[in-house]
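Chains as they are written, first to last, in this note's numbering: chain Z, 1 to 306; chain G, 1 to 306.
Calculated from the structure, these hints are not laboratory results.
A portion of the hints provided could be inaccurate.
One copy or any two copies: either way a pair holds, since identical chains are not told apart in the list.
In silico BS3-like cross-links for lysine-lysine, where the CA-CA straight-line distance does not exceed 25 Å [stated by the list, open to error]:
1) 232 - 194
2) 212 - 277
3) 274 - 247
4) 232 - 179
5) 194 - 129
6) 59 - 274
7) 232 - 41
8) 129 - 185
9) 129 - 212
In this text the structure is predicted, and so the values were computed from the model without any measurement.
Listed below, chain by chain, are the residues.
There are 2 protein chains.
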Amino acid sequence: MSEIRVLSPATVANVVCGFDCLGFALSAPCDEMIVRIIERKIVRIVNRDDFNLPTKPEKNVAGAALLSMLRAIDADFGFEVEITKHIKPGSGIGSSSASAAGAVVAANKLLNERFSRLELVEFAMDGEKVASGDRHADNVAPCIFGGFTLVRSLNPLDVVTLDFPPLFVTIIHPQIEIKTSEARKMLPAQVSLKDAIRQWSNVGALVSGLQKGDYELISRALEDFIVEPVRKILIPKFDEIKNESLKGGALGGGISGSGPSIFMLSETLETAQKIEKVMREIYEQTTIDFNIYVSEINSEGVKFVN
Amino acid sequence: MSEIRVLSPATVANVVCGFDCLGFALSAPCDEMIVRIIERKIVRIVNRDDFNLPTKPEKNVAGAALLSMLRAIDADFGFEVEITKHIKPGSGIGSSSASAAGAVVAANKLLNERFSRLELVEFAMDGEKVASGDRHADNVAPCIFGGFTLVRSLNPLDVVTLDFPPLFVTIIHPQIEIKTSEARKMLPAQVSLKDAIRQWSNVGALVSGLQKGDYELISRALEDFIVEPVRKILIPKFDEIKNESLKGGALGGGISGSGPSIFMLSETLETAQKIEKVMREIYEQTTIDFNIYVSEINSEGVKFVN
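With the rest of the complex left out, here is chain Z (with noise of 0.2 Å):
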């Protein structure tokens, strides 16, 4: 086993009322990365897209991941990964995190499965906080485990994988900038108690639907009364979108990460399909940028490939 290659997967968080904290992840589009053991103690980045992303090991959040991992074990070898993004530095579906992830899932296959998927969480939120700033597991947790997460707590972490029933994702990617500092200035500190239960409330209701896999309940649950009002207005046509999605027959949605791809999700492909042409028709009267991805939820996480 010289050599190991995986998809890794893009993936959404901050879903609706679930902000911080539930995830998911997508069938696509997906990272191609292939990490090798190498001799010499390092991490050496390739890069064989047109990100110019870091090379770097310590500025690459593959390359952090991967350096946090060797540190773990004290090792005398090192990794070479190589990298091919799809997904977008920038698009609000866990582009960071998809390098991040895959690389750590990738490095433990020819470690013989040494860590815990928890612990590869660990590794891959040391890579994050390159991109980030911080250590998250949003959209790490979904990349690892595949399906639905939810991180209950991240000291100590605390992943829990929800049960769900078949669900397809449509996502529109607009073109424009959010930084994620940006994106975040615009939190309140502080939320009224009511729209607090409000929120809390509706957590626990999606939680439920997805696990009974209960479609009308998971559309009454996906409300956001907190983060969404603050933050759509940085998304060009975001109210306009989610609307006709749900006149459309998506079940609900909301901004992907911090933006800017907005997420709607659908009880089966064709209205997923729908609800494309329906996403496609309303930046078509714009002059942005933009991309679509139509997948179902990916219950699986970084996948190997031969």
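Once you have looked at the hints, place chain G on chain Z.
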């Protein structure tokens, strides 16, 4: 079918992190109620206990709930209800809700199940309003549906029933008075977004733990950073009861409703009985009278008896 007898159970609302949405029903204590259709278009209250509760129907929670039901069907008859309360008013384990819920469930049986359980919750909330000043469903929902319920929304009313594994409850009712209005004044109007996120992460994890039957997850998720810290000071020995119960093997717990009762959940009856001893020893050091109940979670709610 000239009369219907029911046992209407005590309930726990504000289940730790699930403040204002999560509740569950107990197997004991229960109020005993008999409802009969009478010719006169009135509601007649017959109290068979020593609590001196109001007999004017519009001032009595069972009476107000039945009046609401009669108005909904524009009835040309009335109801008589005999009430033998065993759940002490002011105990924080849903005494008023038991009366309101028991009355409408029994009356609905006399009306050949004309109303859905959700509609019964609406009527019972009109009764609850007499006792607490506003319409809330935190106790009447689990009383009517049984088991664990999550009230996602009051308007429109949305009650979610949750799956749960076998769970046993130990409740101590210290006989001190905590006015709901006083307990409410202690609530903060605003909470930090950080604490709110911790709370809703725990709510999601708790619902998942209940549905999966994952006792360790249930235990980890039973945390409340918002309400318990400010309200527990009204309840003597709260911290000692909680800490010693956890040491004794309880999964977790907190303030029942707005107090003064304290509940702890356990995985087995044996542990719940051990926690009873723990609680008893602590309160025997005080001069406060108390009752302790050990009960399974009641998945049935209001129960018909012959």
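Original post:
Out of the numbered hints, which ones does the structure contradict?
Top reply: As far as the earlier hints go, 2, 6, 7 and 9 are violated by this structure, in ascending order.
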